[in-house]
Structures are given as C-alpha cells and as structure tokens.
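Visitor: Each chain, written out:
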Amino acid sequence: MTNLDEFPREDEAGTGIKPPAAVEIIGLNKWYGAYHALHDIDLRVVTGERIVICGPSGSGKSTLIRCINRLERHDQGSISVGGLELTDDPKRVQATRREIGMVFQNFNLFPHMTILENCVVAPMSVKKIARAQAEELARSFLARVRIPEQAKKYPGQLSGGQQQRAAIARALCMSPRIMLFDEPTSALDPEIIKEVLDTMIALANDGMTMLCVTHEMGFARQIADRVIFMDHGRIVETAAPANFFANPQQVRTRQFLNQILR
Amino acid sequence: MQFDVAVILDNWQPLADGFARTIGICTVSLPIGFILGVALALLRLHGGLVFATFAAAYVELLRNIPFLTQVFLLYFVLPEFGLRLSPLVVGFIALSAYASAYAAEIVRGAILSVPAGQTEAGYALGLGYATILRRILLPQVLGYILPTSTNLAIGLIKESAVLSVITVPELTYEAQDIIGRTFSPVEIFTIIALLYWGLTALVSTLTKWLEIHLQPYLTARRTG
Amino acid sequence: MFDMSFFLTLLPRFIWGAAVTLGVSLAGFTLGTVIALGLLLLARSRIALARWIVAIYTSFIRGTPLLVQILVIYYALPGLTGIELSPLVAGVLSLSFNSAAFIAENLRAGLFSIPSGQFEAASALALPRHIVALKVILPQLVRNIIPPMASEFTILVKASAILSVISVVELTRTAQHVMMETFRPTEAFCTAALIYFLILFTFSVFTKRLEHKPSGAPR
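Residue numbers (our numbering), protein chains in the order written: chain A, 1 to 262; chain B, 1001 to 1224; chain C, 2001 to 2219.
It is possible that part of the hints are untrue.
Below, in silico cross-link-like pairs of lysine to any residue (SDA-like), each with a Cα-Cα straight-line distance of 20 Å or less [as the list claims (entries may be wrong)]:
hint, chain 1, residue 1, chain 2, residue 2
1, A, Lys91, A, Leu116
2, A, Lys152, B, Gly1128
3, A, Lys91, B, Pro1139
4, C, Lys2208, B, Ala1056
5, A, Lys128, B, Tyr1123
6, A, Lys127, B, Ala1193
7, C, Lys2208, C, Ala2109
8, B, Lys1208, B, Thr1150
For each label pair, taking beta carbons as the anchor points, the in silico distance ranges come out as [to be verified]:
hint, chain 1, residue 1, chain 2, residue 2, range
9, B, Leu1049, C, Ala2109, 42 to 48 Å
10, C, Ala2109, B, Thr1027, 29 to 35 Å
11, A, Gln94, C, Leu2125, 25 to 31 Å
12, B, Gly1082, C, Ala2109, 45 to 51 Å
13, A, Ser159, B, His1046, 31 to 37 Å
14, C, Leu2026, B, Ala1006, 24 to 30 Å
15, A, Tyr35, C, Ile2056, 25 to 31 Å
16, C, Phe2006, B, Arg1181, 37 to 43 Å
17, B, Gly1128, A, Gly77, 22 to 28 Å
Because the hints were derived from the structure by calculation, they are not lab data. Here the structure is a predicted model, which is why all the values come from computation and not from measurement. Even glycine gets a Cβ: it sits at the ideal position worked out from N, Cα and C.
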C-alpha cells in the first residue's frame, strides 16, 4: 500500500506537520445487497492534490467518488471532508456538498434551463447570492471554460464538449474546494475530448483539489500527483504517474494498462 | 323518422344548465384530484414503508374498482355511517378521489421518467429535495404530465356522466330528464353527445397549445 | 358492521354477477377486436371518405362518455332504425363499438413500433419474406401488442359496470338488487367492489410482467 510520505505535496516545507486533509477516507466498505462494492478503502487527499482513479468497469471507482459527496451512502468506515466527518445528518451532508463540485459522465445539465440558469440556480438557492451577482460569477466561469457566448442557450443546443464545459462551470460557480470528475469524457466523441481535458488541466494548474475517474492516461501523466488503480472494489495500486506507467508493481495493473494502452 | 330540432331548442335551458354543471364538476375535481395526486405520489416515492404502502393501496383500490361502483359505494354506504350528503357532494368526492388515484400515477411515473442524474446533479450542487423537486423535476415533467393529464381531464369529463345515476343534475341527467318528458331520445342524445365531443376536443386542443408554449427548450434547435 | 353470514349466503349470486361481467367484457373485447381490424383496413384505404369515417368514428368514441354511447344504442337506435335490442345485446354492442376505437389504435401503434432497422437487418441477411414475417416481425408484434390489449381488457371490465344502467344483471346490478332486497348496502357494494378488485388487481399483476409502461388514464 501507499506510504503517503513519498509524496512531496504532503509536506513540502519539510516541517513535519501534516497539512489538513481535503478528503480522508478510512476503512471504507460498501455493499449493494450481497455485492461487496468497496473493500477496505483508505485514501488521504491533501489540499491541491490531483488524483486520477482508473480501473475496469465495476471496479468501484465511480462508487468511491460518489461516496465522497454522499450520492452513495457508505456502510462502514469514515469519510471526512475538510476535517468534517460525513454522517447521516442532512445539514452535514448539505454542508459537505457545498464544498464539493461534481462533473458527471452524462453532464446532467438541467435541460429546461439555459446554461446561465444552470449556473446560477445553486448559488442563488443555496448561498442566497443575488441574481445579478450570481450571473456575473457565472459569466466569468463560462468565459473561463471558453463558452461565454453560450450563456443564453439551452443545453440541448450545445455540442457534447460544450455541455461538459458548461457543467464544469456550473460546478465551479459554487466555489468548491474539491472537484470530483466521474468519467467526464466517456460520453464524448474522440475529437471533442481534448477541449474538456484542456479545461480540466487549466483547473488543475490553478491549484484545484481534484479526484478524477478517467481512462485518459495522457491526462493522468500530465497532471496527476497520484494514479490509483482499483479492481473489484479494492485499491490495488497507488503510485506517482511516472512510476505507475513505467513500472507497475501489481500483475493486475499491468494487465489493465496493457489493455488500455494498446 | 325525422330529426326534430325544436325539441332541442325548447329545452336549451336545462341542457345548458346540465352542461355548465358537467364543466363545473370537472373543473373543481381535476385540480383537487391533482393536488391529492401529487401528495400521494410523493408519499409513495419518499413516504417510508407505512405511508408508501398506504398510498399504493389507495391508488390500486381506486384504479381497480369501476367508477360507477365507487359512486354507489359512497352514495349508499356513507348514510349507513350517519353521513348524509347531497348527490352533488358525493359526486364531487367520488370524482376527485378517482382523479387523485390516476393523477398520483401520472405524477409518480413522471418523476420516475426524469433520469436519476438530474436529481444527483441537484444534490451534488448542494440543493435540497424540495428545491430539486420544484426547480428541476417538476418543470421537466410538465412535458410528460400535460399530455397524460389531458387524457385524465377527458376521462373525468366522460366519467362524470356516470354521476347521472345518483341524480347529480349534470348533462346526462338533464338529458334523460328531458327525454322522460318529451320521448325524443334521438334528438337529445345527439345533442349531448355533440356537446361532450366538443368539450373534450376543446380540452385536447387547449393542452396541445400549452404543451408547445410552456416548454421552449423542447423546440429550441441546435444552432451549433 | 359487516355481516359474514350474509356475505356467504349471497356469494353465489355475486359470483354469477361476476361471471356475467367477465362474459360481456370478453364478448365486447372479441367483437371489438374484429371491428378494430376493419377500422385499420378502412384507415389504410385509398378512398378518402373511408379514412374520414374512421377518423370521425374514433374521435367520437374517444370524445363521448360510454354511458351516452350505451344510451344512444339502447334508446335512440330503436327510434332511428326500428330495431329493438335486448339490454344484453345493446350492452355488448356498446362495449364492442367503444373498445374497437381503442384496440385499433393499439394495433396500429404495435405495428409501427417495430424499428425499420429490423426489416433492414432481415433483408441484409437475405431472409425470405415469409421467414421475416413469421420469425422476426410477428414475435415482436405480439410482444408489443399483448400489454396494451391486456390493459384494454381491464378497462372493459371496469366499463362494463355501466351496463347496470340498462339493467344488465352483471356484478354492479347484482349488488343493487341485493341492496334493494336486503337493505344492506354496505355489504352489497363492498362485496361487489372486492370482487372487482380481486379480478382486476390479479389480472394487472399478471400482465404487469409483460408491461413496461403504466396503464393508461381512465376511459
């Protein structure tokens, strides 16, 4: 398993004091009926860290990040976000979700709202930000994901790549500390994937804490601090990308990489 | 055999009264049924075991017993328990209850028809269920609810004719009353059939128009 | 409140009533299907008038109460044509004419629900036409048509209660008779309602396995 101290981000100043974890997962287990979906997961993500999680379908990678903002309820173990443990308390869940932005495989934009409406609905309703201010914020993020001209359109009028960038902007409008990406490019045509990845890379370069479930290994190489390989609900291997790709330790990791990096 | 228009003209007043009452009964019962239906649907989806079972039992009972039998049940059985209501009130109750069971299924089906990702995206943004329901789910299910509720509204208009059996003075009752006096079933049944037909046609035209105008995003074309 | 011995003594009459209910529904459904096939043929006719007649017929049936349709057939038809119909015949005819309009739509929708890709794939495999019809199209057609037809039948069972108005002694009329003889409306109508529920609910549970969509709004 991983020795977290290998990673310079943990303690760059060399003070010996651990910075607060953005996400701390200890002994996490989840079952769907008899199916053991997550098996003794331990994971500590520090602020500013970029994690890429990969693995075959059904390996539990999506379930893992969906547990972090409680779209899935875990059965055993603990998840803390920003030092606050996730419990059944709806207030606590709500507060945690406010700190975490999520981007889905199928965008999940609200089809009956314009892009701008999609972006302002949560800031206005959750953070009680005034419309004018929320719209200003939304427009700045839409500019940042380079689709400022699409603000007044409905999601159905945009291409897949534009929709996913709009979804990223929508998540950013809540000023999250952490961003979760659940296979953000899997539903996109190959030629469009790059525009979404570029947006994610820009976000990473701005210092956002990110957990990305993706099979885009080029992206992992470029920005990940750690790559995590999961299989059958367990974390099989964790390594810095250079080591992960050049020198995978586990047989299953090698098999997976052989399949995916034809 | 000839068609005697005079019979209709001579009796236009009771016909108009009956027609107005038919419209009135349905106009009141449909929204009441719908409000109850939304409540039942939410209970069935999120009410926990006890309330969900209750809602399901209510809906299944009303959907699996003929409306006429329900009307008789209310009309003849309520007085046994000391509750004496006028036929009109019984009619309102029966029609609203009937509408609520169908509306509950419409609303439930509609909510289930929205992809789970929509609710998840709402939760992920930190929205509460009430907000998700109001801002995200309900606006999207309009497109599903409108056409099916048109069918429900038309169903209610037609079902309301059954209330004539317990002497609610709606259109069919008035028609039978006139026929009893004039012995002209052909003329009177023809005119009330035309009135019902016109009314249901009007309702479906109206909602088709609404459907188009309430959901601009469905007709917005992709412009690139 | 609910008298059990009453219930047991009169149960045979209710069962007979239920049998009549099922009988008229089945008769109406069968004749309705025959008429529906005729409507489908007419709707595809090259004669505009024929198509118009089908459209108007369907719209009229869908737009007017079944009770009015029954009253027209039972009371107005003899006046118009001189043919006197017994309540039972008038009732079954009304159910048939009514359900035909809806069954025709089910059949039509079932036919169009088979994606053109199926025909294309079959042609690409160079399958002979009769094999395509028998092995590819028919099984899908049956699967598409059975669920709406089953729900159509349950709608007919419910609709048949209206035949009590023209004194066909089916289940609801039986309950009325029992009430008038015994002055026990609670038992009479609860028994009838229970039997309807048992018939319709078991039938719907049975067909729900075939069905994917929720059954339609009331007639």
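Visitor: Does each hint fit the structure? Answer for all of them.
Guide: Evaluation of the provided hints:
Straight-line distance between C-alpha atoms of Lys91 of chain A and Leu116 of chain A comes to about 27 Å, which puts the hinted pair past the 20 Å bound. Restraint check for Lys152 of chain A and Gly1128 of chain B: the C-alpha separation of about 25 Å exceeds 20 Å, so the hint is violated. A C-alpha spacing of about 26 Å is found between Lys91 of chain A and Pro1139 of chain B, which places the hinted pair above 20 Å, so the restraint is violated. Only pairs whose Cα atoms come within 20 Å are accepted, and Lys2208 of chain C paired with Ala1056 of chain B is accepted, the gap being roughly 15 Å.
About 16 Å separates the Cα atoms of Lys128 of chain A and Tyr1123 of chain B, which keeps this hinted pair within 20 Å; it holds. As the CA atoms of Lys127 of chain A and Ala1193 of chain B are separated by approximately 57 Å, the hinted pair breaks the 20 Å bound. Taking the CA atoms of Lys2208 of chain C and Ala2109 of chain C, the gap is about 19 Å. The hint holds against a cut of 20 Å. Under the criterion of a C-alpha separation no larger than 20 Å, the hint pairing Lys1208 of chain B with Thr1150 of chain B is consistent with the structure, at around 9 Å.
Checking the proposed 42 to 48 Å range against Leu1049 of chain B and Ala2109 of chain C shows it is violated: the Cβ atoms sit about 37 Å from each other. Between Ala2109 of chain C and Thr1027 of chain B, the C-beta spacing of about 31 Å keeps the proposed range 29 to 35 Å intact. Gln94 of chain A and Leu2125 of chain C have their C-beta atoms about 56 Å apart, which leaves the hinted 25 to 31 Å range violated. One distance hint, 45 to 51 Å for the beta-carbon pair Gly1082 of chain B and Ala2109 of chain C, holds here, with the actual separation near 49 Å.
A hinted range of 31 to 37 Å holds for the C-beta pair Ser159 of chain A and His1046 of chain B, which are about 36 Å apart. Distance hint for Leu2026 of chain C and Ala1006 of chain B: a CB-CB separation of about 43 Å, inconsistent with the stated range 24 to 30 Å. The hinted range of 25 to 31 Å is not satisfied by Tyr35 of chain A and Ile2056 of chain C, whose Cβ atoms lie roughly 57 Å apart. With their beta carbons about 40 Å apart, Phe2006 of chain C and Arg1181 of chain B fall inside the hinted range of 37 to 43 Å.
The hint said 22 to 28 Å for the Cβ distance between Gly1128 of chain B and Gly77 of chain A, and at roughly 26 Å that hint holds.
Hint check: violations occur at hints 1, 2, 3, 6, 9, 11, 14, 15; the rest are consistent with the structure.
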